[in-house]
Amino acid sequence: MFLAVLMGFLLAAFAPLITRVARGFSGWVLALLPIGLFIYFASYLEPVRSGEDIRQMIEWVPQLGVNLNFRLDGLSLMMALIITGIGTLIFIYGGGYLKGDVLLGRFFAYLSIFMAAMLGLVLSDNILALFVFWELTSISSYLLIGYKHTYEDSRKAALRALVITGAGGLAMLAGFVLLALVSGSSDISGMSADAVRESGLYIGILILICAGAFTKSAQFPFHSWLPGAMAAPTPVSAYLHSATMVKAGVYLLARLSPVLGGTPEWSGLLIIFGLATVLVGGYLAIIQFDLKRILAYSTISSLGVMVTLLGIDTEVAIKSAVLFLLVHSLYKGALFMVAGTIDHETGTRDIRQLGGLLRILPLVFVGGALAALSMMGMIPFIGFIGKELIYEATLDVEHALTTTNAIITALSVLGNMSAVAVACLVIVPPFLGQRKDTPHKPHGAPIALWVGSLLLGALGLAMGIVPELVAKYLISPSASAVNGAPLEAKLYLWHGITPMLILSMITLAGGFAYFALRGRLVPVLARFDRGAQMGPDRVFMGVINGLPDFAKKVTAYTQGGILRHYIAYIMAFLLLFMGTMFFTRVALPPLTQLEDVRIYELILCGVILLALAMLLQAKSLLFAIASMSVIGYSITALFVMYGAPDLAMTQFAIETLSVVLFVLMLYRLPDISIISSRLVRARDAVIAGGFGIVITMIVLSITAVPLDSPLERFFAEKSYVEAQGRNIVNVILVDFRGFDTLGEITVLSVAALGVIALMRLRPRNNDEHED
Amino acid sequence: MPSMILRTAIRLLLPLMLLFSFFVLMRGHNEPGGGFVGGLIAAAAYALYAIAFDLPSARAALRFRPMFIIGVGLALALASTLLPLLVNKPMFTSLWIEQPVPILGKVGTTTSFDAGVYLVVVGVTLSIIFAMAAREEIEHDEEDV
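Protein chains in written order, with numbering that gives the first Met the number 0: chain A, 0 to 770; chain B, 0 to 144.
Chain A with its partners taken away, still in its complex shape (with noise of 0.2 Å):
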C-alpha cells in the first residue's frame, strides 16, 4: 500500500519529462499508474468484503507515535478506487484539454502528487500520517488551481482556498493531537471510542475536528474558497472540487464516527452546518449561469447533504452516506467533465450564451445526459438508489415520524429540488433547442474529452441496474467500516410505493418547475445573493488582505531598509546585553594568556590594526573596500597560524568573491562622504568598539578554562575508522553532521533566490538602496 501511494509521487518527478516525450498521448501514458492501481486495489475487493483485516506499518517517529500505518477496509477500498478509477479518466481528460500547454509536464507532476497524497489520506490508519496527507492535497490543491500562474484570479482564487483549508488544518491538527491523547492511541483502529466521548475535552476536540472537515468540504460558512476553485483547468475541479479532495472532509468525518459519533453534540453540530450547507450551497447553484459555478454550488449542497447524513448516524443514514459519495463522484465529476469539454469547444461556459450542441457534440451529450438523469434521481440509475436512500434515511422510517425528522426531510428535499433543476441547467440549455453564437465554432470533440463522462455516466446506469455487486462489495463494506460492526446493505431498484418514492416524484417535480419557470424566479431570487455568497467571503478576504496590511506597517516602522541601521540595531542590543550579563556577573578573565603570543602573531595583528586604521580614515570607497580586504585576508594568515586550514580556504575564497562583488555595487553606492559622515563615524565607533571589547572579554574568559569534550575525543577515534576521513573538519560537516549541512544548503538557495528578486526590482527614483 506504501509503494502505491510512493508510485504517485515518484510519477510526479518524472511527469514533466515523460510529458516531453510523449507529447499528444501524455495523458493517454501518464493513465497508466492510475488505472494500474485501480486494478491492484480492485484486487482487494474480496478479501475486504470477507472481513480480511489488511494493514501495513511502517515507523516513522515512534516516539511521537508518528507512523506510516495502513489500513484497507470497506471506506478506504471504496474511496481509493474512486481517486484511482476517476484519476485516471481525468489523466486522459487533462491531456486532451489542456493539450499543447507549456506547462502541461507541471500540471500532470501536480495531479500526480494530489493522487498519492489523496491515496495516503485515505489509506492512513494513524491520525497524525493522515495529517500530513491532509496537508499535501492542501498544498497540490492550492498549486493546481494557480496553474495559470500568470492571471491574477487564479493565484487570488488558490490562496483563498489554501488560507482557508489551511486554517481549518491547523485546527484539526489540535484536534487530533487531544484526540490521540484522549484515546490512548495515534492508530484510528487501536482509539477507544469510550474514553474519547467520556472525556472532558470531548467537546473541544469535536468542534476542531469539524473545522478542519467542513473547511474542506466547503461546508457554510467556509464554502466561499470552492466557487473561486473554479478558476482552475476544468480537468482539476472534476478531480478535485467534485470527486475527491472535497470528500475529504466527508470522509474524516465517516472515518472517525465510530470514535467520535454517537452523541448528540456530534449530531446536532453535523446536522446543522450539514442542512445550512444544503441550502445555501443549493440556493446560490440554481441562480447562475456559468456551467462550472453552477455546478460548483451543487457540490456544496450535495456535501452538505453528506455531512447531515453523518450526523444522523443511524444505520440507514451510513448507508446512504457511503452510497451518495459514490453516486455523487460519478455524475459530478462526469458533468464537470462536460462542462469543461463545452468551455473547451465553444470559449464559454454562460449557458445564456450556449445552445444546440447535440448534433456536434454527440457523445458528450450522452454521457451528460447518463450523469444528469443519475443526479436528478431518474430510475433506473444509481442516482435512483441513492435518492431514495437519502429520504429514507431521513424519514426514519422505522420510527414514528418526528418533527426534527419532517424538517430535515423537507429541507433535504428543497436540496435535492435544487439538484434536479441543476441537472436540468447543465444539460437541457447548452445542447438542446437553438443554436447560438459562441466565440469559438465548435466541430466535435477528441476522445479524450469525452471517454471519461460517457464511461461515467454509463457507469451511473449499470450500477442502477444491477446494483448487488456495488451493495455487496462496495456499500456493506464501507458501511460497516463507518458504523464499526458490520453491516449489510441490500440495494435494489422497485421498493413498491413507499414515501420516499413519493418524495422522489415531489422532488422531481419541483425540480421541474423551476427549471421550467426559472426566467422569472431568478431575478427575484437572485437579490438575496450577497448575503449568502458575499458575507462569509468578505470576512474570509478582509482577514487576508488585513493581516498584510497591518505587516507593512509594523515593518515600516521597525525596518526603514538601510541594512547599517539594522546591524547597528542588533550590535547595540547585543552590546547592552551581554554586556551588562558580563561584567555584573562573570569576573574579568585573566589576561595570562596573552604571554604566549608570537613574534609573527603581533606581526599580523600589527598589519590588521594599520588596515582598521586606513579604513577608518578612508577618502573612497575604494580605498575603503582595498582596506577591508587586507583585514580579510590577514583574518585568513590567523586561521592558518592556528591550524586551521579548512577555514582559511574558505574564508580566503569568500573575502577574493566579496571584493569582487563590491567592486560590481561600487558604481551605485553614493559617495563615501554621504554614507559616513563624521558623526556617523563617531557613532559607529563607539557601537563597534564597545561590541568588540565585550566579544574579545567573553572569549578570553571561554578560553581560559580548558575545554574537555567527550567530543574531541569522539570525533578524533570516529572520524577514520567510521566515517572514512582524515578531515575531521569535511567529516563533521558531510557526515557527522549532514543533515545541517542538507539544511544549510537549502538555506543558501532560498538565499540565491532572494538576492536574484531584489536584483530584479527596479527603483523608483534614485534613492539610496541597498541590498
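Heads up, a few of these hints could be off.
Unchecked claim - Listed next, the in silico DSBU-like pairs over lysine-lysine satisfying Cα-Cα at most 30 Å (straight line):
{"hint": "1", "chain 1": "A", "residue 1": "K155", "chain 2": "A", "residue 2": "K717"}
{"hint": "2", "chain 1": "A", "residue 1": "K147", "chain 2": "A", "residue 2": "K435"}
{"hint": "3", "chain 1": "A", "residue 1": "K717", "chain 2": "B", "residue 2": "K105"}
{"hint": "4", "chain 1": "B", "residue 1": "K88", "chain 2": "B", "residue 2": "K105"}
{"hint": "5", "chain 1": "A", "residue 1": "K155", "chain 2": "A", "residue 2": "K98"}
{"hint": "6", "chain 1": "A", "residue 1": "K717", "chain 2": "B", "residue 2": "K88"}
Claimed, not checked - Some but not every residue of chain A turned toward chain B, in silico, with C-beta under 7 Å:
{"hint": "7", "residue": "L158"}
{"hint": "8", "residue": "P644"}
{"hint": "9", "residue": "M648"}
{"hint": "10", "residue": "T655"}
{"hint": "11", "residue": "L656"}
{"hint": "12", "residue": "S657"}
{"hint": "13", "residue": "L663"}
{"hint": "14", "residue": "G724"}
{"hint": "15", "residue": "R725"}
{"hint": "16", "residue": "D734"}
{"hint": "17", "residue": "G737"}
{"hint": "18", "residue": "L747"}
{"hint": "19", "residue": "S748"}
{"hint": "20", "residue": "A751"}
{"hint": "21", "residue": "I755"}
Calculated directly from the structure, the hints in this document are not laboratory data. The structure displayed is predicted, hence computed values, not measured ones. No residue lacks a Cβ here, since even glycine has one placed at the ideal position from N, Cα and C.
With chain A held as given, fit chain B onto it using these hints.
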C-alpha cells in the same frame, strides 16, 4: 577596456581553476578542502571570466543557468541521503564503494553529498554575482543613454 592579458590568461585559467576546484572537492575528506571551498573556487573562476569578458560570455561559458545548478546540487545531496533507504538503512547512513576508484580514491554517498554541496555553492555564488552584474550593466546602459 578589458585587458588583453587578462582575457588570454583567463581562457587558460578557467579550465585549470575548474580542475583545481574539483581536486579540492575530492581531497576534502582526508586533507583540507571539501565541497564548500571547491565550489567557491569554481565560482571565482567564472566570476573572473565575467570580469575579463562580459556577463553574457560568462553565462555562455557556464552553459547552465545557475538556478539549475543549484537544483541539481540540492537533488544530488538529497538523493545521497535517501539512497540508504533502498538498502533498508536509516537516512543519512554513508554507503561506501568497497574498492577505491582509481584517481578519485574512496567514493561513497558522502562524496556525492559533498558534490551536491559543491554544486549548490557554485550555483548560489554565481546566481548572486551574475544577478548583480546584470543589474550593473542595465544601470550602466541607462547612464549612457
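Checking hints one by one. Is A751/A an interface residue toward chain B, by the C-beta closer than 7 Å rule? 4 Å, holds
Does the closest beta carbon of chain B sit nearer than 7 Å to the beta carbon of L747/A? Result: holds, 5 Å to nearest chain B Cβ.
Does K98/A lie within 30 Å of K155/A when you go C-alpha to C-alpha? OK: K155/A and K98/A at ~25 Å, within 30 Å.
Hint check: K717/A vs K105/B, CA-CA at most 30 Å. Holds or violated? Holds, at roughly 17 Å.
Supplied contact hint for M648/A, tested at 7 Å Cβ to chain B: 5 Å, holds
With chain B as the partner, please determine if P644/A meets the hint condition of a C-beta pair closer than 7 Å. P644/A check passes; min Cβ-Cβ to chain B is 4 Å, inside 7 Å.
Does L663/A pass the interface hint, meaning its C-beta sits closer than 7 Å to a C-beta of chain B? Check passed: Cβ of L663/A comes within 5 Å of chain B, closer than 7 Å.
Hint check: is the beta carbon of L656/A less than 7 Å from a beta carbon of chain B? 6 Å, holds
Quickly compare the C-alpha distance for K147/A and K435/A to 30 Å and report which way the hint goes. With a Cα-Cα distance of about 29 Å, the restraint between K147/A and K435/A holds, given a limit of 30 Å.
Please verify that hint: R725/A, Cβ, nearest Cβ of chain B, below 7 Å or not. 4 Å, holds
Status of the G737/A interface restraint (C-beta, 7 Å, chain B): This hint holds: G737/A lies near chain B, its Cβ roughly 5 Å from the closest one there, short of 7 Å.
For the hint on D734/A, does the least C-beta distance to chain B fall short of 7 Å? 5 Å, holds
Violated hints, listed in ascending order, are 1, 7 and 12; each of the other numbered hints is respected by the structure.
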